Structure formats: structure tokens, C-alpha cells
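Student: If you want the building blocks of each chain, they are given just below.
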Amino acid sequence: MRDHVIGRLTELALEDPRIMLITGDLGFGVLDLYREKCASQFINAGVAEQNMTAMATGMAMEGFIVFTYSIANFPILRCLEQLRNDACYHDANVNVLAVGGGFSYGALGMSHHATEDLSIMRALPNMKVVVPSDPWQAAIAIDSLVDSPGPSYLRIDKSSAGFEKPSEGGFDLGKGRWIRRGQDVAIIGSGGILAECVVAANILAENDVAAGVLEMATIKPIDEDAVRAAALQFPLIVTVEEHSIIGGLGGAVAEVMAQEGCGTPLVRIGLGDIYSSVVGSQQYLRNRYGMDAAAIVGRVQDALA
Amino acid sequence: MPSTLTSEELAHRVRRSVVDMVHLGKSSHVGSALSIADIVAVLYQNILHFDPTDPRKSDRDRFILSKGHAGSAIYAVLAHSGFIPLDTLKEHYQDGSILSGHVSHKGVAGVELSTGSLGHGLGVAVGMAKAALLQGGKHRVVCLLSDGECDEGSNWEAILFAAHHQLGNLTAVVDYNKIQSLASVADTLGLEPFRDKWAAFGWRVTEVDGHDHEALRKALAGSDRPEPNCVICHTVKGKGISFMENSVLWHYRTPQGEEYEAAVEELNNA
Chain E
1 MRDHVIGRLT
11 ELALEDPRIM
21 LITGDLGFGV
31 LDLYREKCAS
41 QFINAGVAEQ
51 NMTAMATGMA
61 MEGFIVFTYS
71 IANFPILRCL
81 EQLRNDACYH
91 DANVNVLAVG
101 GGFSYGALGM
111 SHHATEDLSI
121 MRALPNMKVV
131 VPSDPWQAAI
141 AIDSLVDSPG
151 PSYLRIDKSS
161 AGFEKPSEGG
171 FDLGKGRWIR
181 RGQDVAIIGS
191 GGILAECVVA
201 ANILAENDVA
211 AGVLEMATIK
221 PIDEDAVRAA
231 ALQFPLIVTV
241 EEHSIIGGLG
251 GAVAEVMAQE
261 GCGTPLVRIG
271 LGDIYSSVVG
281 SQQYLRNRYG
291 MDAAAIVGRV
301 QDALA
Chain L
306 MPSTLTSEEL
316 AHRVRRSVVD
326 MVHLGKSSHV
336 GSALSIADIV
346 AVLYQNILHF
356 DPTDPRKSDR
366 DRFILSKGHA
376 GSAIYAVLAH
386 SGFIPLDTLK
396 EHYQDGSILS
406 GHVSHKGVAG
416 VELSTGSLGH
426 GLGVAVGMAK
436 AALLQGGKHR
446 VVCLLSDGEC
456 DEGSNWEAIL
466 FAAHHQLGNL
476 TAVVDYNKIQ
486 SLASVADTLG
496 LEPFRDKWAA
506 FGWRVTEVDG
516 HDHEALRKAL
526 AGSDRPEPNC
536 VICHTVKGKG
546 ISFMENSVLW
556 HYRTPQGEEY
566 EAAVEELNNA
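Protein chains in written order, with the numbering used here: chain E, 1 to 305; chain L, 306 to 575.
Calculated directly from the structure, the hints in this document are not laboratory data.
Because the structure is a prediction, the values reported are computed rather than measured.
Warning: the hint list may mix true and false statements.
To be verified - Below are the DSSO-like pairs computed for lysine-lysine, each with C-alpha atoms no more than 30 Å apart in a straight line:
hint: 1; chain 1: L; residue 1: Lys523; chain 2: L; residue 2: Lys483
hint: 2; chain 1: E; residue 1: Lys37; chain 2: L; residue 2: Lys443
hint: 3; chain 1: E; residue 1: Lys220; chain 2: L; residue 2: Lys411
hint: 4; chain 1: E; residue 1: Lys220; chain 2: E; residue 2: Lys175
hint: 5; chain 1: L; residue 1: Lys523; chain 2: L; residue 2: Lys362
hint: 6; chain 1: E; residue 1: Lys158; chain 2: E; residue 2: Lys175
Unchecked claim - To spell it out: a stretch of chain E is covered by chain L in this simulated footprint if at least three of its residues, at any positions, have a beta carbon under 8 Å from a beta carbon of chain L; those stretches are:
hint: 7; segment: 60 to 66
hint: 8; segment: 265 to 279
Don't be surprised by glycine CBs; every beta carbon is placed ideally from N, CA and C.
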């Protein structure tokens, strides 16, 4: 997914001199194409995320469309106040490209597990939060972010959902997308873990449960209309995210549903209020922390029983 | 396009406004604002290029107050330089006001960056300076920091970057009044040898008496050299009001009653 993002960003930067990519000394091999073709629009800020983000704000204030790049927690948590006070308060066009969403770097340990990024970014005013499911969608999302003013957070996953690119559309900032229709349960997911949602829906279908799957590639602004409609139409809503169940996709959906007051039950699947201290592949950790297809099936069946 | 005042007159008016603002608003940080009155007066009267009728003019010099707690001094200098109506200063710190205790750009012409949490301004200034070099802009970027603020590691990230990228259009001005929030700088986290630290990071460093306008004019004039400039201003916290000078107390205390009257009288007789 990251190669598609950087590939598209390179194409855009070749056409638009306002685009600037600043890395926090990460992206070995990944950024080569961009560096080679757009050398004057590339800065390595060093291992200094606070300055990277403040500087990105200063450059955005002067007319640049800035992308900062690093591994998920580094460009947002180390420099959270620079994002809040500088980039977001000034509504600067600073776009964080964070590779390693969720358990993408599962074997590297807790420091590299991005499991609170969505909730923390979602709380910042002006910030848009985008979680693409597939490389092609991430590339389209880049176009949207270049075209929209103000700050954003793009979570780049190692895994992908495997959905086919439609002939047109496929990503609309702030809009959900139905992947599969059903009537017994709506499974709302974000990112590559949507592959688990689809497998779960297939297994559920074999057990006479028709599950709809709603892709929510934008966590903020959340597609309130789609959530509201699903909550009114389905007897059960399930959210699935490779992230804490606090404040991310599940939190956003819960807020909309509570406001609607429809009383539809909600099951939030994701990481509990714990650190993922066990390491392993992305797939292993999904299984270990109860968010793979089998776990989704089990939670849905329990809720419908 | 500065006012017709001398920098000394402007500094006096800034001090007078600052004391009134913190008195009316019952706000703090008067010592920090008085400490920089001469620096900002010289900057706005003699150094920075700006047009108060067109505050976002692209070739303006950019000024960032990183020590946002001294916001009253910036609001005062902006009002006395024609950016905002003088009357609005009375609203500082009041319910519903846009003139917050820590400087904010929202609705306030002439404020480039909202600050208040320390260690933010220099990084943003670095971005502006880098942008200017890339875009061929001839303007300067000036960032005013406090001494206590130099405890923040983010500044040293910015200092490293500015030297590595030879941001000669960037000037960091440090208000070195030697007193921070709870105690002296020396007793908190000593900065000495301060000049050597900046120089070792690759900056051109000048030290100056931060209340000597002639010396400030010379030090802040900028240079054609490629490396970024640091002007360390030796200042007196609470400068201009004898009982506030060099006092930790007046970092937070607000002048009321007899203290306010004494402060005004002292400034009026200066």
C-alpha cells in the first residue's frame, strides 16, 4: 500500500511544485522513486518529529501542500502537540502519511503497534482521518487529500482488503461504501482487516446469517448517514478495526448510534484497553487479540443468539 | 511601514499598555512582557518590513513570538503599529475576548502563529524560512524565544535543522532575563555556556543588552551570511518597573491597587 501511496504522490508532485514530502528519517527504499524524481520537493528532517511537524506547518502556511512520513506512532504521538497547536489550530495543509497501521509491524513490538492512532487523531479539530482498505484506494485518497485544505492523517496498512477497484469512484472522502449487502448484521470495518470481515460474512452466510459489510475508509468525518441508516435497517451492528475499541471506528459509530437513539445493539471488535505486548505477524496478532474472521463470526453469533 | 514614533517611545507605550492590560484582565506574565518591550519595539520600529493595512502581504517579514505567555506585549506593539485598534487592548483576558493570555492569531491581524505551549515557534519559523529559500522570497523570519523555553528539546531539533539547511534568513532572538517560572534559570536547568551552545550547533551568535536600542538595532539588522542568526538579549525581567525587576514573583503576580498605581506612576515619570 505504501508503494502505491508514494507512487501516486510522486506523480502528483511532478505536476504540482507545492507538494513537499518530509520524512522523519524513515522510508528506506520506499521513498527512492520520489527522491529521485522530486529531489527539490523532499526533505529528510532527521529523527526529529517535533521539528518535522512544526516545520511542516510553517511550510504549509507559506503555500506548500506538505506530507510528513514516518511509522504510525512517531509522526503523531511524539509530536502530538505540534499537530494540535500548530497544524490543526492553524488549519495548515499538513498531511501525515503513517505507515504501519495497526499490527502491520507486529513483530517489532508495542512501540511499533499503532493501536490508538485513530482515536487520538479523531479528537483533533480540523483533522481528517482516512484508513484505506487497498493500495488503489490509498492512491485515490492521496488525490483527495491534496485537493482538500487543512490537515489529515492517512493510515497506511501493510495488509489490504483485496477489493477490486471499481471502474469509477472507490473512494469518496467522508463516505462509507457497501461491499456486500445483507439484512441480519452490518459489519462496519476500516483498513486491510476488512478482508477478515468478508471472510466472516462468507462463513456467516453458510450458517444462514446474511451479513452486510460496510467499508468506512474515512473515520473522520464519519459517514453519519450511512451509520444511521445501517442502525435503523439492521438488528445488529458490529465494528471491526485493528485498533483499540476506544474512540476509533467503534467509538465513532457508537457516538452516531447513541445520538440516533435507535437502540440497535453494537459490538465493537478490536483491541481491548490493553497494550499488545505479544509480538508476531499481523495475521497472528489479529487471531491472538480476537479480531480475525473466526473471532468476528463468534462475536456475531453470540450477539444474535 | 512602522509608526512615526521612535523605538524608545514605542517601547514606553508598549510597557504602559502591558501594565494596563494585565491590570484590567487580572492576568499574569507582566514581567515576561516588560522584559521584551524594547526588543519588540526595535523590531517593529526599525527592523521588520510590514504593512499594517495589508498584514498578509507576501513579502512581509515574519515575526513569531514563541514565548506566547508574553502575548500582551505583542498585542500592544501590534496596536501601536496600526494592526489592531488600540481600544481592543482593553478586552485582553476578558470574557469572550480574542486577545487571549497566550498569543493567538484568530482574528488578530499581524499575529503569524498562535503559541502558548513553549518550544513550538522556532520549528514553525524554520519551516517558514525554508519555504522562503525554496520560493525565492527575500523576507526574513524572526522568532523570539524565552530563556526557560530553551529547556524544550524541540528547539534543539529546530536549531540543528536550521544550521544544517543554512537558513540564513532566520533569526532567533532569545530573551535571556535569567528567570523562569519558579526560580532562576541557573537554579532550574542552567543554559551556560549558552552562546557556545548555539555556536556549536552552527549558528552565528551575537550577544547584546536587550534594553539598549542602538545595540539591538545593530544586532537585529541581519546579515548576508548563510548560517542562521541567534541574538541573545541580556534582559531584566520586569524591566521598567523597579519593584518588578529581577523578581520571580512577577512572573505570575498581577498588579492591582497600590501596586498598579505605583507601576503607572513609575512609567509615567520615566
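Student: Give a verdict on every hint.
Tutor: Hints, verified against the model:
1. L:Lys523 - L:Lys483: holds, 23 Å
2. E:Lys37 - L:Lys443: Satisfied, since the Cα-Cα distance of roughly 27 Å is no more than 30 Å.
3. E:Lys220 - L:Lys411: Distance of about 24 Å is within 30 Å: holds.
4. E:Lys220 - E:Lys175: holds, 10 Å
5. L:Lys523 - L:Lys362: holds, 26 Å
6. E:Lys158 - E:Lys175: holds, 23 Å
7. 60 to 66: Answer holds; 5 residues pass the 8 Å Cβ test.
8. 265 to 279: violated (count 0)
The structure is inconsistent with hint 8 alone, although it conforms to all the rest.
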